[in-house]
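Add chain B to chain A, keeping to what the hints say.
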Amino acid sequence: MSIDRSIPTAEALAEESYLRRVHPSDWRNPVPKASYDLVILGGGPCGLAAAATAVGMGRSVALVERNRIGGNSLNVGSVPSKAIVRSGGAMAAVRDGAEYGLARIDDPVADFEAVMARMRGIRTRIAEYHSVERLQSCGIDVFFGAGRFVGKKTLLVDTQPLRFKKALIATGARPRPSDIPGLEQVGYLTSTTIFDLLRLPKRLAIIGGGPLGCEMAQALARMGAQVTILQNEPKFLPHEERDAAELLSRALSRDGVETRLNTTVVGARLQGGEKWVDTVSNGVKFSLAADQIMLSVGRVPNIEDLGLEAAAIDFGAAQGIHVDDYLRTSNANVYSAGDVCMQHKFTNVAQASAQIAVLNAFRLKRRRQSHLLIPWCTYCDPQVAHIGLHVRQARRRAIAVRSVTIMMQDVDRAITDGQDEGFVKIHVRRGSDEILGASIVAAQAGEMINELSVIMSAGIGMRQLAGILHTYPAQSDAIRLAAVAFMRG
Amino acid sequence: MCELRLSGRLPALLALSDEALLERLQHAAFGYFNAYANEINGLIADTSRPGSPCSIAVVGFALSCYPVAVRRGWLSREGAAARTAKTLDFFWQSANNDQADATGYQGFYYHFLDMHDGRRVWQCELSLIDTALLLAGMLTAACFFDGDGERERHIRARADALYRRVDWRWAQNAGETLAQGWKPECGFLHYGWEGYNEATILYVLGIGSPTFSLPAEIFAAWTFTYQWENLLGRDVLYSGPLFTHLFSHAWIDFRGIRDAFMREANSDYFENTKSAIAIQREYAARNPRGFAGYGRELWGITAGDGPGQEDMQANCRDRRFFGYMSRGVPYGPDDGTIAPWAMAATLPFDADAALCGTRRLLGAYPQVLSEERFASGFNPTLRTSAGEWLSAGCYGLDQGLLVMMIENQRSGLIWNLTRGCAAVRLGLRRAGFAGGWLRDVD
Numbered sequence: 001m002s003i004d005r006s007i008p009t010a011e012a013l014a015e016e017s018y019l020r021r022v023h024p025s026d027w028r029n030p031v032p033k034a035s036y037d038l039v040i041l042g043g044g045p046c047g048l049a050a051a052a053t054a055v056g057m058g059r060s061v062a063l064v065e066r067n068r069i070g071g072n073s074l075n076v077g078s079v080p081s082k083a084i085v086r087s088g089g090a091m092a093a094v095r096d097g098a099e100y101g102l103a104r105i106d107d108p109v110a111d112f113e114a115v116m117a118r119m120r121g122i123r124t125r126i127a128e129y130h131s132v133e134r135l136q137s138c139g140i141d142v143f144f145g146a147g148r149f150v151g152k153k154t155l156l157v158d159t160q161p162l163r164f165k166k167a168l169i170a171t172g173a174r175p176r177p178s179d180i181p182g183l184e185q186v187g188y189l190t191s192t193t194i195f196d197l198l199r200l201p202k203r204l205a206i207i208g209g210g211p212l213g214c215e216m217a218q219a220l221a222r223m224g225a226q227v228t229i230l231q232n233e234p235k236f237l238p239h240e241e242r243d244a245a246e247l248l249s250r251a252l253s254r255d256g257v258e259t260r261l262n263t264t265v266v267g268a269r270l271q272g273g274e275k276w277v278d279t280v281s282n283g284v285k286f287s288l289a290a291d292q293i294m295l296s297v298g299r300v301p302n303i304e305d306l307g308l309e310a311a312a313i314d315f316g317a318a319q320g321i322h323v324d325d326y327l328r329t330s331n332a333n334v335y336s337a338g339d340v341c342m343q344h345k346f347t348n349v350a351q352a353s354a355q356i357a358v359l360n361a362f363r364l365k366r367r368r369q370s371h372l373l374i375p376w377c378t379y380c381d382p383q384v385a386h387i388g389l390h391v392r393q394a395r396r397r398a399i400a401v402r403s404v405t406i407m408m409q410d411v412d413r414a415i416t417d418g419q420d421e422g423f424v425k426i427h428v429r430r431g432s433d434e435i436l437g438a439s440i441v442a443a444q445a446g447e448m449i450n451e452l453s454v455i456m457s458a459g460i461g462m463r464q465l466a467g468i469l470h471t472y473p474a475q476s477d478a479i480r481l482a483a484v485a486f487m488r489g
Numbered sequence: 490m491c492e493l494r495l496s497g498r499l500p501a502l503l504a505l506s507d508e509a510l511l512e513r514l515q516h517a518a519f520g521y522f523n524a525y526a527n528e529i530n531g532l533i534a535d536t537s538r539p540g541s542p543c544s545i546a547v548v549g550f551a552l553s554c555y556p557v558a559v560r561r562g563w564l565s566r567e568g569a570a571a572r573t574a575k576t577l578d579f580f581w582q583s584a585n586n587d588q589a590d591a592t593g594y595q596g597f598y599y600h601f602l603d604m605h606d607g608r609r610v611w612q613c614e615l616s617l618i619d620t621a622l623l624l625a626g627m628l629t630a631a632c633f634f635d636g637d638g639e640r641e642r643h644i645r646a647r648a649d650a651l652y653r654r655v656d657w658r659w660a661q662n663a664g665e666t667l668a669q670g671w672k673p674e675c676g677f678l679h680y681g682w683e684g685y686n687e688a689t690i691l692y693v694l695g696i697g698s699p700t701f702s703l704p705a706e707i708f709a710a711w712t713f714t715y716q717w718e719n720l721l722g723r724d725v726l727y728s729g730p731l732f733t734h735l736f737s738h739a740w741i742d743f744r745g746i747r748d749a750f751m752r753e754a755n756s757d758y759f760e761n762t763k764s765a766i767a768i769q770r771e772y773a774a775r776n777p778r779g780f781a782g783y784g785r786e787l788w789g790i791t792a793g794d795g796p797g798q799e800d801m802q803a804n805c806r807d808r809r810f811f812g813y814m815s816r817g818v819p820y821g822p823d824d825g826t827i828a829p830w831a832m833a834a835t836l837p838f839d840a841d842a843a844l845c846g847t848r849r850l851l852g853a854y855p856q857v858l859s860e861e862r863f864a865s866g867f868n869p870t871l872r873t874s875a876g877e878w879l880s881a882g883c884y885g886l887d888q889g890l891l892v893m894m895i896e897n898q899r900s901g902l903i904w905n906l907t908r909g910c911a912a913v914r915l916g917l918r919r920a921g922f923a924g925g926w927l928r929d930v931d
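Chains as they are written, first to last, in my numbering: chain A, 1 to 489; chain B, 490 to 931.
If we strip away everything but chain A, and leave its shape as in the complex, we get:
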């Protein structure tokens, strides 16, 4: 039977639909209004949240995006990575099925093309909620193109001037480029380009042991890739607690990920048709051959070509746009939010800071970014989540801390689920029941940490928490059990 190639495949149609939602190929920018209440540079989660907030306040809004609506998070960040992580989880479930009574399958095989197609399908579906069409229908003028300031109250999109009363810079961040000798020439993937992979690399070297590097390492290893993480630190996830990072390290090892800590990559080269990464660890040299190299060593703010000087906006290469606690820049009419100016480069922070910036810009409220209570999570298996203060941070502020820990291996539902690795650890101000922060390592830590977010935002202490009913059995009951342990003293 011959295939009629003139008929688009379902996936091609989905991809076309995706592009139509995030950046239509036939797009024409609208004729701009004489002036906008708010012009937003950047159409990622931060820009979208700002636009929704401002429109909700009855303000006129123009949104300028260079590339695709949805920013990194939708297109090359949280959404696609979590889709791939889920496929990796499914592979692990099949592999470990015998533990739950399934007939043993010794070598489950991943269909990587199908994994990536699923990821793209999910991205298309979620793109609908942020589509250009939907933005237009809300009254937001969308401009595709490179926006840059030409004055304190004007910017250009390509050659089209947009005047504003207030502006918000929400241009986000991008993967930190390589400064490793030879790596540019050899070629490498980043947290952005890894989603363009067509085939599962047989051998993947990941430089950097941060959240995304760990997530991709575990997911791709579960699909059959031979993954090595090269980390220039003594542990993974440098911002997490030692026990959490070590637990994750063992989990990665169990999934076949080779980890090399305290290892500095000093160069990359092509030799014999192969990519080689040269490393040094404690004075010992080691070279590693790989089919693909992924660089995952943090993100840098997108501040280039924005005409910041013309608008008298202060900035720095590392910190990005300089803002005060109210997210105002050195130009009183320009605010900034999200990855381009915030230390925590997370989607939820971008969205929350956008709302703060807009409310402050139109002087409805005076909100401080430093008051944000930020939960975050690394979506490995087990997941590693945190909120609030770490013990070390508290002690440096002369706050005495008592941490209460419940091991997931002692939680009924975690045992029945076969997901009993990890812990819930709640940090409490000594001499009181005030919750200062919490770390969770668990299969569903990303969900569980949100309970702590609500509890802490509501000012609920350990005494009250101990009496709050949870369903039984539930993994999140570990949070209540921690409060019960606290009460027992």
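One should not assume that every hint holds.
Stated by the list, open to error - So these bits of chain B aren't anywhere near chain A, every CB distance computed over 12 Å: (1) 582; (2) 840; (3) 881.
Said to hold, decoys possible - 20 Å max Cα-Cα, derived EDC-like pairs, lysine to aspartate or glutamate: (4) B:575 / B:641; (5) B:672 / A:233; (6) A:365 / A:324; (7) A:285 / B:590; (8) A:33 / A:141; (9) A:202 / A:255; (10) B:575 / B:649; (11) B:575 / B:606; (12) A:285 / B:674.
It should be emphasised that the hints constitute simulated quantities derived from the structure, not laboratory data. Backbone N, C-alpha and C fix where the C-beta goes; we use that ideal spot for every residue, glycine too.
Then chain B, alone, in the frame of chain A:
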């Protein structure tokens, strides 16, 4: 005496009274330092395995155990003094410079040395903690050999000179806390040595130095990394591996003396080790991974030898086993390997638990003793053709710790000696310790 019903063959040892049992185990452990020493330079092998290099920490334990041997009548005072002087002379005369194969540098020493010429092996690190354990042994010996004879005066002078030449400030490397080591190939090592661990004695000796002392604030900076946790229902200054709650305590009597952190917590480091033992026992009783043998009377999860890369399917659980590793509770790693010596080494903190556990272990698994000396690791979950997995030979660190801890329980000898050590007293005081016996000395 701990009464336990034991099934199967009862080793003759178990028929002994507690005191007699301890004497036998302690004497056998001390025998390691006779069997695996280089009589010419005083160096002691890391393990009993053929070709083992010297571990400087094991030498530190040996120097502390010679006084015990004298007190117990296993060595003459003259013989012990001769061994001690030989060891101190070796370190004083050894190459302490920036050459990659020297014995040490800046007054510190490489972790592992060639047993014969004393030079660095395995491209190992210049180890701060292992140097501290070595110095602790030297200073203990200096306190014990307090006679007027030429040799004993020589021992005191040598130990003092060796301690004085350690450049602790160089080792600080302008850091807030100490790194774990240094290598000529790459400089200081940064292993992220956070949280409470066995390093108290390192900080105390560094801060107490009369020549290049660490600033007192470094101890407070280290305690910033501590975590006071409620684990398995009990409050503890957390550290997972059991040995971290024992090593500094082998030399220093922490009963009743408190630093700022422990004053705030209304505890002390001795009580904390008792809590850590209770948590070990509770963890073993809960036995979440279903390991064979574990129970409230069989525990001891710490650093030591392990089975290595063996995999096993048992009770529908994929088991993975580790080699030599620092195991801990409750966060792990834990592969079912216990250190057979560990329970006995906790004798001064919880004698009942230590004795009951040791007797239970010896009753159920008498093979953990060879020549009445404990193996480093034992894993009853992993069954091989030769039976449950057992580490080959034994390790000097384990034997030395056991000798010292049993003696501290029996007579308090080591603790009494170091109470009289000016460096220990000064270091403790500068680090903020007060109260208890520190109030009563000087």
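Hints, one by one, checked against the model:
The Cβ of residue 582 (chain B) lies farther than 12 Å from every Cβ of chain A, with a closest approach of about 27 Å, so its non-interface assignment holds. No beta-carbon of chain A is positioned within 12 Å of the beta-carbon of residue 840 (chain B); the least distance is around 27 Å. At roughly 25 Å from the closest C-beta of chain A, the C-beta of residue 881 (chain B) stays outside 12 Å, upholding its exclusion from the interface. For a cut-off of 20 Å, the pair hint linking residue 575 (chain B) to residue 641 (chain B) stands: about 12 Å separates their Cα positions.
Taking the CA atoms of residue 672 (chain B) and residue 233 (chain A), the gap is near 17 Å; set against the 20 Å cutoff, the hint holds. For the hint pairing residue 365 (chain A) with residue 324 (chain A), the CA-to-CA distance comes to about 15 Å; that is within 20 Å, so the pair holds. Taking the CA atoms of residue 285 (chain A) and residue 590 (chain B), the gap is about 18 Å. The hint holds against a cut of 20 Å. A threshold of 20 Å between alpha carbons decides the hint, and for residue 33 (chain A) with residue 141 (chain A) the separation of about 9 Å falls inside it, so the pair holds.
Under the criterion of a C-alpha separation no larger than 20 Å, the hint pairing residue 202 (chain A) with residue 255 (chain A) is consistent with the structure, at around 15 Å. Restraint check for residue 575 (chain B) and residue 649 (chain B): the C-alpha separation of about 15 Å stays at or below 20 Å, so the hint holds. Using a Cα cut-off of 20 Å, the hinted pair residue 575 (chain B) and residue 606 (chain B) holds, with the two alpha carbons roughly 14 Å apart. Under the criterion of a C-alpha separation no larger than 20 Å, the hint pairing residue 285 (chain A) with residue 674 (chain B) is consistent with the structure, at around 10 Å.
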